[in-house]
Each structure stands twice: as C-alpha cells, then as structure tokens.
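Enquirer: Sequence:
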Amino acid sequence: MRLRILEKRILKAKKLQELLLECIYQGFSLRDLSKILGFSPVTLSKWAKGEWLPKEGHMVEAIEKLKALVRANSSEYSSIQDLSISNVDPSFVFNAEIPKLKRLSKNTIRKLRSIVYGDVRKLNLSLSYLTFYAGTLNITNKVLLHEAGNIVKKAFNLGLIKYSNAAYVALAALKTASLKLRINVDIKPERYDLDPSKYRQVFSKLATYFLA
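Going by our numbering, the residue at position 160 of the sequence shown is 160; the numbering climbs one at a time, nothing skipped.
Read the hints as simulated data drawn from the structure, not as lab findings.
Please read all numbers here as calculations on a predicted model, not as lab measurements.
You may find that some hints are simply not true.
Calculated cross-link-like contacts (lysine-lysine; reagent style DSSO-like; alpha-carbon spacing at most 27 Å) [as the list claims (entries may be wrong)]: (1) 49 with 198; (2) 65 with 55; (3) 8 with 55; (4) 49 with 14; (5) 46 with 162; (6) 65 with 46; (7) 65 with 35; (8) 153 with 15; (9) 14 with 46; (10) 14 with 35; (11) 153 with 188; (12) 205 with 162; (13) 49 with 67; (14) 35 with 67; (15) 142 with 65; (16) 15 with 55; (17) 153 with 180; (18) 188 with 198; (19) 12 with 49; (20) 153 with 14; (21) 15 with 67; (22) 46 with 67; (23) 142 with 180; (24) 180 with 154; (25) 12 with 65; (26) 15 with 65; (27) 205 with 188; (28) 35 with 15; (29) 46 with 35; (30) 188 with 142; (31) 46 with 8; (32) 162 with 180; (33) 49 with 8; (34) 153 with 65; (35) 49 with 153; (36) 67 with 12; (37) 142 with 67; (38) 15 with 49; (39) 198 with 154.
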C-alpha cells in the first residue's frame, strides 16, 4: 500500500516537473513562477530538477495552476515557435511578428543564468533567430523553413549549438536548406552584425553534415 502511494506521488512529481519545464521553455523565469505558485525560486528549481519530492497538497495545487498557465500561453508560444506559419504576407511577418521575436530573444538571454535544463534554450534561441531572419529575408516557402528548422534541431542534437553561435547556426541553416532544395537565398551575415568569418565556419560545419 505504501509503495503504491509513493508511486502515485512520484508520478505527480514527474507531471509537476514537466509543467515547470514547459513554463520555463515558454519564457517564465523561476522568479515569475515563484510569484504565481507561492514557493521560492530555490524550491521550484529543486522540483524541476527532480531533487525534491513535494508534499501531496503542494503538488496538486501547483499542477492545477501550471496547467492553466500553460493553456493560457501555449497558443501564443506555438505561433512564435512554429515555423510552418510563414505563409502570410512577409511585410506582416516583419512588422508584427519580428518585434515580438526580438523581445523573446533578449528575454531569453537575460534569463539564461536562472533557467533549469538550459541546454534546451539553445535550441529555442536558435529557432527564434531562424524565424527572425526568415522574416527579414521575406522567406515564406514552407518547405524551406521546415528544412531549415530540422537542420537547427539536428545541429542541436549533435551538440553544435552554443549560446554564442545560436544566431550563426540559424542563418547558416537557412543557407544550407536553400542549397539542399536548390532555392536561391541571398544571405549576408554582416546585415545582422554577425562576423562573416565565424558565419562561414558555422556554415561549413553544417554543410559537412547536411549537404554531404
């Protein structure tokens, strides 16, 4: 009996952990979640890392609040992260969506020190840059955007993305995808204040993996 109770409690703790991480991925800091849930950032960090098994009552209340928070923000977050929505007018993408994406990137950078399982944020940051560059380049081809997104995700799985090169990987992924699909895209890294030599190094590495 005690074993079953413990197993159920562990399953709830796992659900709580998943919801905390989902909220963090959506851009909420531990400080933000602390104000919402009423527990300290240190406590939430331990819950998210699985280092601390919360009390039953605390878990039930926190899970309900986090579910509501995820539901309220998932639609907006998905619209930012989903690269397949770029079949709209390019001017709309640039004027309406890009400022939002730029704020997300800055927000992400500011919160890097307080993020649990921060490696995933490297992927999200690079995908945000990818969407930003696609907007400024007026790229609306769904196949190209999908392929570039896959390249970024594969680069992340290969350990090629760092916080310092997330923007370079995004831009190089667009170029790599365009070459793979034989679609002409004129990419100039200096337009985004990126170092051309570093861009060429990153592009060369991606090309080795994905164009060979």
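Enquirer: For this structure, which hints from the list above don't hold up?
Expert: Of the numbered hints given earlier, those the structure breaks are 1, 15, 34, 37, listed in rising order.
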